[in-house]
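> Here is how the chains run, residue by residue.
There are 2 protein chains.
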Amino acid sequence: MGKILNVDLSKRSINIESTDEKIAKKYIGGKGYALYLLYQVLKEKKDIDAFGEENVLIFATGPGTGVVGFPSPGRYHVMALKSPLTGSIGSGNSGGSWGPSLKFAGFDAIIIKGISKEPVYIEIVDGKAELKDASQLWGKNTFDTCRILKKGKNASVACIGPAGENKVLLSGIINDEHRAVGRTGLGAVMGSKKLKAIVVSGNNKVEVAKPEEYKKVSKNCLEKLRKNPVTGEGLPAYGTASLVNVINSVGALPFKNWQTGYNKEADKISGETMSKEYLIKKKACWGCVIACGRVTKVVKGPYQVPYSEGPEYESIWALGNDTGVMDFGAVIKANHICDELGMDPISLGSTIACAMELNEKGYIKEEELQGIDLKFGNAAALVELVEKTAYKDGFGKYLALGSKKLAEKFGAPDLSMTVKGLEMPAYDPRAIKGIGLNYATANRGGCHVTGYTIAPEVVGIPEKIDPLTPDGKAQWVKIFQDLTCVVNSTVNCLFTTFAIGAGDYAELLSAVTGWDTSEEEIMKIGERIYNLERVIINKLGFDDKDDVLPKRLLEEKMPDGAGKGHVVELEKMKKEYYELRGWENGKPTQEKLKELEIEL
Amino acid sequence: MGKILNVDLSKRSINIESTDEKIAKKYIGGKGYALYLLYQVLKEKKDIDAFGEENVLIFATGPGTGVVGFPSPGRYHVMALKSPLTGSIGSGNSGGSWGPSLKFAGFDAIIIKGISKEPVYIEIVDGKAELKDASQLWGKNTFDTCRILKKGKNASVACIGPAGENKVLLSGIINDEHRAVGRTGLGAVMGSKKLKAIVVSGNNKVEVAKPEEYKKVSKNCLEKLRKNPVTGEGLPAYGTASLVNVINSVGALPFKNWQTGYNKEADKISGETMSKEYLIKKKACWGCVIACGRVTKVVKGPYQVPYSEGPEYESIWALGNDTGVMDFGAVIKANHICDELGMDPISLGSTIACAMELNEKGYIKEEELQGIDLKFGNAAALVELVEKTAYKDGFGKYLALGSKKLAEKFGAPDLSMTVKGLEMPAYDPRAIKGIGLNYATANRGGCHVTGYTIAPEVVGIPEKIDPLTPDGKAQWVKIFQDLTCVVNSTVNCLFTTFAIGAGDYAELLSAVTGWDTSEEEIMKIGERIYNLERVIINKLGFDDKDDVLPKRLLEEKMPDGAGKGHVVELEKMKKEYYELRGWENGKPTQEKLKELEIEL
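Taken in order, these protein sequences are the chains called G and E. Residues in the first sequence are numbered consecutively from 103, following my numbering. Residues in the second sequence are numbered consecutively from 103, following my numbering.
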């Protein structure tokens, strides 16, 4: 039986409870288990303030996390009942070594509620947890915080930077200096609770239920990862940045706040250019054979960074392509500052791009800019605004609100490229239809990793389908969303799904947990998790009226590139999707909940 | 009779008292009167913590401030019993319009003690003062703060930025967005008191005692200002930046943390280059006929600033020449951020230069730098570190300590170019001896405007003397220090003394106040003020052991330029100076105090 640490920061109390195997069998762990716990809180409470004592933050691993030989087992998942950025559920996950280290410290998960009076951090060493004074750490950046707190066997630190402290709505949680739980503003939730960091270390052994069976399954899965063209070749060789040219070639690389999906200069910020000019080496998360992480540097000029990690494809797109900044050094610098001060590069880049369009279209008064020349392609403005946002300095105070509230404030809400208040990532669905349905229906808002249909629509895994047709996409979206729930509950890396499927996951989970599960059962669990999350966001006020896309994607025809002339046929796909889901008005029916054995 | 506002932030009490004419006749106003008040507090208290409730902060105008026709009457003086940067007295003054506006609001001075629980600001409108909640302003930069609070007739705002809030030891107070009380860390004192700003406005008339007499005296003095080559030609035409090439030509422009006093590339950051490439227009402080202020811009590149004020000679030197950064755009940007976030460019530039030398000499471990390439001439590092210092981010947390504590921390105290913990300004005394004696003996520490002997030693006002000889300098230093006390108590601009002397000041004060005073009496008041300030710093622990210069200036011969081969013969000058002052061991004797009618 695993252990869960239960922390109430208002009461300064710490309790340890055991995991409940009945719940684990229904929801696995990680995201699924966390959703179950969050729902129990939501049942009791009506109005949740994202910055109130009642908001609950859960850090969770799963049965796969930290298990040697498990496919890419270095991740953890974080959830909050409410995101301060979106008002929908808060959710994100991250690699590095923090997830495994939480297990080595003796815990599967941490539940945090309440608000501390003074800044604190949680220290967990070999099964013992303590609240410690963080007043000396408050104000420190994430690099300092990680370095100061990192002590002991297998130690790892997850923390917030100044952005989270300042409740910047797009702030994230940073672990191991450069790995981020970026999305939905979870750093601001930590900041509102005055929780600076969680440091974990220890010697706890992570064991598997059926060692012999596990050995075989593990070997088989790792073999599949190594042989797969994406996980065995593409990602190890070029990292996620290899997608820049690929997605541009299919006309789906959003340029200048999504005004188009093709940028003839995109190669300036591509994975190939990174490898040639900025790469130091590769770096893997704990126990991962893929090793898609990159270590980079900018050796001279105004945007020097002698050592950084990333930027990933998404960051390059958001901070570079979406803002029109083609200076790769500036993009690396901007991404580096996001890590340093603790912000989500996707949301921030997209928010800056939105501000640039607002400005170019005359919505922003000059005095509000305090001297920033806010135009597409201005590298200096980009780098300066990243820093300013973390401290809400000058125009940064508006960017700190995220794109939706920014565009509303300046009177042009349609220029915000968000779904449910979350900035969409780097794929224009006018050229890749399925991802559009996923954006619209993803519970946490505009998100690619809720149901990554790019795999079949562009990469051709498990089979190649036409990105430009809406036909048959609902089924793909549902399958990917459900399977992803399994991966985020297991908790390991989503990239494994390029090579291994639900059947492999069933075998892995059976061997690790000792349960006897099947591919069908696994997919049902995934569906159960997705539906429970939907029930929660329904209770938070989100339904079919929010399963939408920005007007631009529905009405403005793609002006050039491979998707030229296209818009997203969302209504058609959504209707089919709701039917497949057994949802009405964006809500699971009673029959569906009963079928999935979700007890409300 | 004038009025003084007495604010206790701990008790949230506000009282109004009248000025005491007996004290005014002995100390004029401004700095002199403030020193008298501070001394009354110091008599009662032994240990003053610069960030404690007991530290007292005084904002003071004088009889000349805000008087139409008075020479350059736009200034105010701020004092604190203790500077957090130096441990000696806190002192600084600033132009713009805040000083006159305090008078238009009905007050001559504000005394502030205690510490507020929550952030507050003081609003003073037409004789009425109120403490107001500043929680929404906390975290905002100085531009935002000034713009938000500036309301009403003659309104002006003095405030701190994030640097002061974060108690950065070299933070200043900014008024009118770009004017600064820069020196001795007074912004941090405001921050420690949780006092974000003071906004003043009103219609109070500032009248003079003898209008007819005043008319004549004023006319005469303004005429002298207009006809003088410095105040009538040099400063209006080129601003203070015109000194870059002048001081370099006499071999006294400190380069790369004072390793030498000559920089063959200095013209890249000169007043002439500013006029050619960066100047928008001139800008005068309230009521000033000199108009030495500059408005500048950097239109493109990584250090864009579409509108800034300054940089002054001192800022150009500290942020540019002293750090070896010859990119004028970067220097303007760095100076702009100092205004925006509220820091002293002299202390910050010198501290960065010190860090650069520490780094080049191997005193700083690479990991402490968090990726900053800290070498002389690196414009990117300069700009980034200015921002980081305000937020104590990464290596910025060390720079926030100022040069003395920084150099001590990294094990090479002699590399700090400070006197009494205050970073020295832009004149190397190996090539201009008198200013060295002034640096050593200035009560607030390494300061040029305590006794600006550059006037005779370089500019030739009131007469040209040899900068390279120590002979006769003690007398000049004493006269300049005493006269400057008068100017800072009057309170108007020191630049007037290029054109008008103690006799003019006696006439001006007689006409404005109605007192009957003379040149001799004026100089005696100046001496009284300087000695009272010395008594205070003696009580704070400073004496002849602190009237020193950095070793480099005493032992390392100037390597090139017009001062080549020279060191400062400090002991000889200091002995003569103490004799002239009537001091023993750096302390006024009882006879001297009696002679000056200073009652302890």
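Do not rely on the hints blindly, as some may be mistaken.
Because identical chains cannot be distinguished in the list, a pair is counted as satisfied if it fits within a single copy or across any two copies.
Claimed, not checked - Straight-line distance between alpha carbons at most 30 angstroms, and here's what the computed DSBU-like set of lysine-lysine pairs gives: (1) 694 with 399; (2) 399 with 366; (3) 666 with 255; (4) 145 with 370; (5) 145 with 105; (6) 326 with 378; (7) 269 with 253; (8) 402 with 477; (9) 383 with 366; (10) 694 with 647; (11) 467 with 383; (12) 127 with 647; (13) 402 with 378.
By construction, these hints were calculated from the structure, which means they are not laboratory data. Remember, predicted model here, so these are calculated numbers, not experimental data.
> Hints first: check each against the structure and report whether it holds.
Structure-based check of all given hints:
1. Taking CA atoms no more than 30 angstroms apart as the test, residue 694 paired with residue 399 passes in neither setting, with 51 angstroms inside one copy and 64 angstroms between copies.
2. In this assembly of identical chains, residue 399 and residue 366 lie within 30 angstroms of each other by CA distance solely inside one copy; the values are 25 angstroms within and 33 angstroms between copies.
3. Taking the closest pair of Cα atoms, residue 666 and residue 255 never come within 30 angstroms of each other, the shortest separation being 55 angstroms inside a single copy and 58 angstroms across copies.
4. For the homomeric pair residue 145 and residue 370, neither the shortest alpha-carbon distance inside one copy (51 angstroms) nor that between copies (68 angstroms) is at most 30 angstroms.
5. With identical chains, the CA atoms of residue 145 and residue 105 are at most 30 angstroms apart within one copy only, with a shortest distance of 24 angstroms there and 62 angstroms across copies.
6. When the C-alpha separation of residue 326 and residue 378 is checked against a cutoff of 30 angstroms, the pair qualifies only within one copy, where the shortest distance is 29 angstroms, while the shortest distance between copies is 66 angstroms.
7. In this assembly of identical chains, residue 269 and residue 253 lie within 30 angstroms of each other by CA distance both inside one copy and across copies; the values are 28 angstroms within and 29 angstroms between.
8. Proximity of residue 402 to residue 477 under the C-alpha cut-off of 30 angstroms is found in both arrangements, the shortest distances being 24 angstroms within a copy and 12 angstroms between copies.
9. For the identical chains of this complex, residue 383 and residue 366 are intra-copy neighbours only, at 28 angstroms inside a copy versus 41 angstroms across copies, given an alpha-carbon limit of 30 angstroms.
10. In this assembly of identical chains, the alpha carbons of residue 694 and residue 647 lie at most 30 angstroms apart only when taken from the same copy (20 angstroms versus 85 angstroms across copies).
11. Only between protomers do residue 467 and residue 383 lie at most 30 angstroms apart by alpha-carbon distance; the minimum there is 23 angstroms, versus 44 angstroms within a single protomer.
12. Taking the shortest Cα distances, residue 127 and residue 647 never come within 30 angstroms of each other, neither inside one copy (33 angstroms) nor across copies (76 angstroms).
13. Taking the closest pair of Cα atoms, residue 402 and residue 378 come within 30 angstroms of each other both inside a single copy (16 angstroms) and across two copies (28 angstroms).
Checked against the numbered hints given earlier, this structure breaks hints 1, 3, 4, 12; the rest are met.
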